[in-house]
Amino acid sequence: MPTIVDLHRSTDSAVAVSVSTGVVSPVTPRTFTPRKKKKPWKSWLLFLLFAGPNVALLIVFTYKPLVQSLYYSTLQWNLGSASAIPVGLGNYVTWFNDPGTVRVVTVTLIFTIATVGGGMVIGLLFAVLLNRKLHGRGAARTIVVAPYVLSGVAVGLLWLFVFDPNFGITAALLDAIGLASPPWYNDPHWALVMVIIVYLWKNVGYVALIYLAALQSVPRDLLEAAALDGASPVRAFRNIVLPLLGPTTFFLSITTLLSSLQSFDIIQAMTKGGPLEGTTTMMYQIYQEGFQAGRAGYSSAVATILFAVLLVVTLIQMKYVEKRVHY
Amino acid sequence: MATQTRTARRRKPLQLGGYLGLIVAIAIMILPLAWMFLAGFKERDEIYTVPIQWLPEAYDLSNYAAALAAVPFGNFFLNSTITTVIGAGLKMLLGLTTAYAVVFLDFPFKKFVFGLVIFALLVPQQIVMIPNFTLVASLGWINTYQGIIVPGLASAFGTFLFRQHFLTLPISILEAAALDGASHWTRLWRFIVPISAPTIAAVALVSIVSEWNEYLWPLLVVDRSDMMTLPVGLTLLQNNDGVTNWGVLMAGTVLVTVPVLIAFFALQKRIIAGLTAGGVTG
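Protein chains in written order, with our numbering: chain G, 72 to 398; chain R, 1162 to 1443.
I should point out that these hints are in silico values taken from the structure, not numbers from a laboratory.
Only a predicted model underlies this, so the values are computations on that prediction, with no experimental measurement involved.
There are no misleading hints in this set.
Derived lysine-lysine pairs resembling DSSO-like cross-links, with alpha carbons at most 30 Å apart:
1) G:LYS135 / R:LYS1271
2) R:LYS1272 / G:LYS390
3) G:LYS135 / G:LYS390
4) R:LYS1271 / G:LYS113
5) R:LYS1271 / G:LYS390
6) G:LYS113 / R:LYS1272
7) R:LYS1272 / G:LYS135
8) G:LYS113 / G:LYS135
9) G:LYS204 / R:LYS1430
One chain only, chain G, in its complex shape (with noise of 0.2 Å):
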């Protein structure tokens, strides 16, 4: 059973799936095969009726779109306008061709990497100090997973308080060591440091969340049995803990990239993709040429692009985990 994962919100990707033990497949059939044979088609009518609606719209909404968006890469076409010149792949040519795309491309894999790698690296940081037999962790939980459910745009309004470089809590805590506050309005990298650091914030909790269900179901008495043997508690976590680890670890690595690569919130609130462009991802572009260019047809292209991406990764992904995560 491959890996599966919600792209399509951010706060739903939080509830995905891997299963790599036999939960699917049941020993007993659930179908009830009626006692005396009844026609076929009854039962077809009634699969249809159950499930149709679904599946209607995932093809009304997801998959005709999904084609459409191939055919309309290949448009020289403005958003709302009635007509449309075809250019093959002209599209997709002045995308790779465009200076631009150098940057848009490094501002990705910059906020990519940094969300998911600081993520994983800070939520399991989190998760070992939850998991330890202390006061209040318990509440200290659900302190740390609350921004999670929060709208990302009033997070990234609140940031923007917080990071005021005069009136905010970031330049009064860098003021009291003697230092200036950064331009984190005015300077792409700066301000593409803010929406790192905001982005975090809000998505480390869940990254805590599951890492500590993880580390809960590891065994007690292989803990106690390396702590007896004289083993270090930091070896015992680096040679114990961290491999049983593992499947969570690549579980997380496929959420956190594909719901980081959606983010669209917190810099649209925060930064709308600026300063100079120092915070347009590959997903803000694509917003910002469909909807606010009126570029639909160059939009679509840059969507497809990213798609394809998505689709190697995951792939890619899922294979690695399917071969190392099975013991």
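Use these hints to put chain R onto chain G, whose structure you have.
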């Protein structure tokens, strides 16, 4: 014996470090939220001041009044509630019936249908937003509830989770229902849904939260302020005259986040169960 005393000696500083870490983690998570709450009560001169002033002099609600006067928050709230309740409700219904069909009914292309549902998980909303926007616009659904709700209605993830759950149900109960001559519809609602209540609640809560926070799609299909949802409408308070009025903006942000925070703290057990559902790997 020797090991025991050694671990005992080592435990003390480790515990201390643990509590220190816990406090730092909690502070990082809470400080920005506290900053938002406090700013909602601050006068202009308490916000635009160096060094920063943490606590407002008085807890008056003038920023809230200003936020409510500037944009139709009542409408935002109503619109968010309607789209969330209907959207999440129908999504659950679709997920339950599809999962039931996939697990309990016969159909020649069952595997294919399930694959179709699951593969949809790999298609981000942003990839298909231009065709969907064009379709919704051609239907005249701009600035309507159906325009906000319908394109994201299909249940892929819920279907998957419910299917996983249905496969673990004790078959004897279902066989008894079948012998009773109950129709499939009755079996679903009388037998399966009641014993699946915890799973359904967990999935429903996560679905409600994500529906409530949904931003990109409502942003695209709504441009009339009286049809906006909370996240979309909130941005109207931003930068109206070039300078952000932080007090009013933070008051608005509090109005958007507080309902979710209250719900989260009240139902955290179920929500956390929903978030981790299936996330735990085998």
